[in-house]
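Participant: These are the residues of each chain, in order.
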Amino acid sequence: MNYSVDSVDSTESPGFKVDPVKFTLWVFLVSVAMLFAAFTSGYIVRKAKGDWVDFDLPPVFLYSCLAAVMASIAMYMAQRGQKTVKKRLTQIGLGFSLAFGLLFMYLQWEGWRQLTEQGIYLVGNASGSFLYVISGVHAVHFIVGLLIIVIALIRSFILDNKGLAQQRLSSVATYWHFVGVLWIYLYLFFNLA
Amino acid sequence: MSAHGHTESFISKYIFSQDHKTIAKQYLITGIFMGFVGGLLSVIFRLQLGWDGMDMSFLKGTFGNYLADNGEAFVLAPDKYLALVTMHGTILVFFVLTAGLSGTFSNLLIPLQIGARDMASPFLNMLSYWIFFLSTVIMLASLFIESGPASAGWTIYPPLSALPKALPGSGLGMTLWLVSMALFIASSLMGSLNYISTVLNLRTKGMSFNKLPLTIWGFFLTAIVGVLSFPVLLSAALLLIFDRSFGTSFYLSDIFLQGEALTAQTGGSPILFQHLFWFLGHPEVYIIIMPAFGITSEVISTMARKPIFGYHAMVISLVGISGLSFLVWGHHMFVTGMNPFLGSVFMIVTLIIAIPSAVKTFNYLATLWRGNIQFSNGMLFAIGLVSLFISGGLTGLFVGNAAIDIPLHNTYFVVAHFHIVMGASAIFGMFSGVYHWFPKMFGRLMDRRLGMWHFWLTFITVYCVFFPQHFIGLAGVPRRYYAFTEFDFAAGFVDLNKFITVAAIIGFTAQFIFLYNFVKSIFWGEKAGRNPWKANSLEWTVAEPGHGNWTGPIPTVYRGPHEYSKPGVALDYLPQHVSDEDLAKGVDYDNEQYVQAKA
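Protein chains in written order, with the working numbering: chain W, 1 to 193; chain Z, 194 to 792.
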């Protein structure tokens with residue numbers, strides 16, 4: 001047998017219990033969680049200092065929570081399609097994930113617009129600044145998820161069933177669920193903290 | 194074609210290589226280069242401290258904008274003194290002791306010691322290095338801009354870092370610092386993700402956690418600490434960027450100069466930045482020292498020809514240090530008006546870190562005790578680390594105690610403490626690793642006599658530079674002062690400063706011995722052979738590793754990495770890949786054919 005770097009497999013590494021790509025993704029998500037933990041901790045510390053303007057979040061941010069949930073459910077459909085080798089179901093699931101994801105971004109945009117109508121801007125009291133920065137950084141992560149879904153959707157039309165079965169859709173789903181849950185956490189945090 | 198069947202061009206083999214060993218060398222060479230740059234900057238500002246007002250016309254060609262004409266001479270400008278201090282700290286902490294140390298040895302040793310053909314994601318590994326390289330270029334470029342580089346200290350506290358007009362270096366220099374560090378953090382996270390995933394998933398057969406070399410434990414826990422703490426620094430930097438560039442008020446509040454408001458930003462809290470910064474900043478100390486601990490453990494055990502004393506205690510200590518590192522950041526902030534009760538909590542947790550640290554130190558000494566010590570260059574630097582860690586660790590008990598830290602805060606005592614316990618110790622760990630694993634990187638040995646000169650000159654001058662600084666600090670002299678001659682209470686230390694500066698110059702010059710030895714040995718060093726130190730871990734089963742490391746199957750592991758001088762065994766080492774059956778049969782595992790058959 002010709003041994004090389006390409007011959008890494010589970011027989012050589014019994015510790016190989018989790019797909020390393022998926023495992024790396026999980027560790028990455030931990031680091032993203034730490035980023036937002038730092039932001040929300042900073043929010044609490046800054047709020048405790050005083051000079052803090054309280055305001056109500058526009059209800060549209062609640063609707064974006066619902067959009068995130070629907071986007072996750074659609075992604076679950078796509079995964080079911082991959083597992084049951086139903087290409088059409090995968091494509092529909094990914095399509096709806098993308099659609100609900102775009103709806104989510106629209107709702108976030110609408111939420112920011114309504115905030116400005118309330119006189120809450122990025123520059124001003126730190127309460128508003130934190131909201132824009134945290135939700136903005138979340139939006140960047142969400143957009144990355146959208147781009148990944150676009151790629152997965154395009155591939156679902158190019159690849160045959162066998163090729164589609166080899167796609168790392170579960171990693172895409174993990175990331176997608178994570179950014180959705182992250183927004184729900186942030187929404188609850190902004191309302192309760 | 195490589196020995197392992199890959200078709201490789203010069204670019205794919207040496208530049209954009211995905212081989213972990215080549216990436217390790219790239220990190221090492223970049224780290225050494227940055228080490229010399231950081232060291233040179235310190236020599237320049239030490240000259241100013243030793244001889245205030247010294248004519249530095251010799252800098253005109255390179256750093257002309259760092260000089261001020263006082264009518265008699267071209268002296269180092271005070272704001273550029275701060276810039277040099279800032280860049281020295283930044284380069285040494287992040288680019289040498291984080292990326293240079295961890296990047297080099299995690300890359301080199303993780304796959305080789307756990308028995309893997311490469312990292313979990315070789316591509317991500319390559320990307321990690323090149324993003325680090327880009328951050329290096331940006332940080333170095335900031336040295337040469339007209340207004341000078343960042344000058345707010347390596348901790349970049351606001352308002353100096355948040356107000357672009359606070360200092361010349363607070364403008365473009367600070368922006369470049371932030372861009373560079375954002376890239377650095379991204380690179381560090383990519384590296385850490387790979388290290389964690391590789392250690393957990395790609396260990397060879399038999400390589401259970403209690404058979405992992407302590408180097409791997411050090412790198413693994415360092416990566417976990419990095420993944421958890423660097424994102425917090427990123428959050429601090431992002432908020433700082435918003436304050437600097439978009440006018441938010443996270444950190445800035447009511448800054449007035451001579452009755453005039455410097456900024457319209459109000460209500461911000463600079464203390465918030467300190468909390469976020471030190472949540473990374475303190476774990477960063479362990480990100481720097483834990484790989485050095487791992488290296489030292491391996492080198493001391495191998496070269497004392499003894500099992501490491503208390504393997505499990507060493508592992509538990511590393512885990513304990515990693516966990517506690519997240520709970521002690523407040524000890525950097527005792528003077529920020531912190532609630533005394535909270536200060537007491539941070540103080541107690543800080544002092545508890547002394548326990549695992551002491552366990553490690555005593556175990557090093559117990560491993561050395563009555564060992565058959567072979568004073569290789571790597572061993573000398575490993576013992577040097579133990580010495581420095583004890584010296585610096587003891588003063589940690591002082592500055593970890595709020596009652597003592599408050600008068601000592603921001604004095605030269607703190608400078609002496611962290612340079613010895615973290616800076617010099619980790620550098621010694623890095624040198625130990627370079628000398629010890631040079632044969633595995635380049636197939637040759639470094640010159641022992643030159644290494645001896647390098648060690649003794651460095652060891653002596655490190656103590657000469659930093660030990661006297663304790664006394665300067667105890668006298669209350671603050672750090673970052675441009676000139677001691679300006680203040681009566683500090684003027685008495687001018688002569689001592691001259692002594693320190695001379696020692697620093699000698700110490701810096703001694704590093705050229707290392708550089709010469711390093712370059713010379715790559716081409717003309719004595720051929721090392723497969724296992725020159727008669728060591729146990731798996732990397733020594735590889736002769737001339739190509740991409741994929743082992744030309745045959747990866748060896749199976751049967752025992753721990755520190756079985757030296759085992760009773761009943763003829764040789765004084767027993768490699769991890771030798772099974773009990775082979776041992777019972779009396780096979781000659783020192784024999785090249787045996788190793789080749791196994792790997």
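You may find that some hints are simply not true.
[To be verified] Quick list of in silico lysine-lysine cross-link-like pairs, DSS-like style, CA-CA up to 30 Å: (1) Z/K691 / Z/K759; (2) Z/K404 / Z/K713; (3) Z/K791 / Z/K404; (4) Z/K727 / Z/K404; (5) W/K162 / W/K83; (6) Z/K206 / Z/K713; (7) W/K22 / Z/K358; (8) W/K49 / Z/K358; (9) W/K47 / Z/K358; (10) W/K49 / W/K162; (11) Z/K404 / Z/K759; (12) Z/K206 / Z/K218; (13) Z/K713 / Z/K398; (14) W/K83 / W/K22; (15) Z/K759 / W/K22; (16) Z/K778 / Z/K759; (17) Z/K713 / W/K22; (18) Z/K398 / W/K22.
In short, the hints are calculated from the structure, not lab data.
Participant: Evaluate each hint against the coordinates.
Facilitator: Structure-based check of each hint:
no., hint, result
1, Z/K691 / Z/K759, "violated, 52 Å"
2, Z/K404 / Z/K713, "violated, 36 Å"
3, Z/K791 / Z/K404, "holds, 18 Å"
4, Z/K727 / Z/K404, "holds, 18 Å"
5, W/K162 / W/K83, "holds, 11 Å"
6, Z/K206 / Z/K713, "holds, 22 Å"
7, W/K22 / Z/K358, "violated, 46 Å"
8, W/K49 / Z/K358, "holds, 26 Å"
9, W/K47 / Z/K358, "holds, 28 Å"
10, W/K49 / W/K162, "violated, 58 Å"
11, Z/K404 / Z/K759, "holds, 16 Å"
12, Z/K206 / Z/K218, "holds, 12 Å"
13, Z/K713 / Z/K398, "violated, 38 Å"
14, W/K83 / W/K22, "holds, 17 Å"
15, Z/K759 / W/K22, "violated, 42 Å"
16, Z/K778 / Z/K759, "holds, 17 Å"
17, Z/K713 / W/K22, "violated, 44 Å"
18, Z/K398 / W/K22, "holds, 22 Å"
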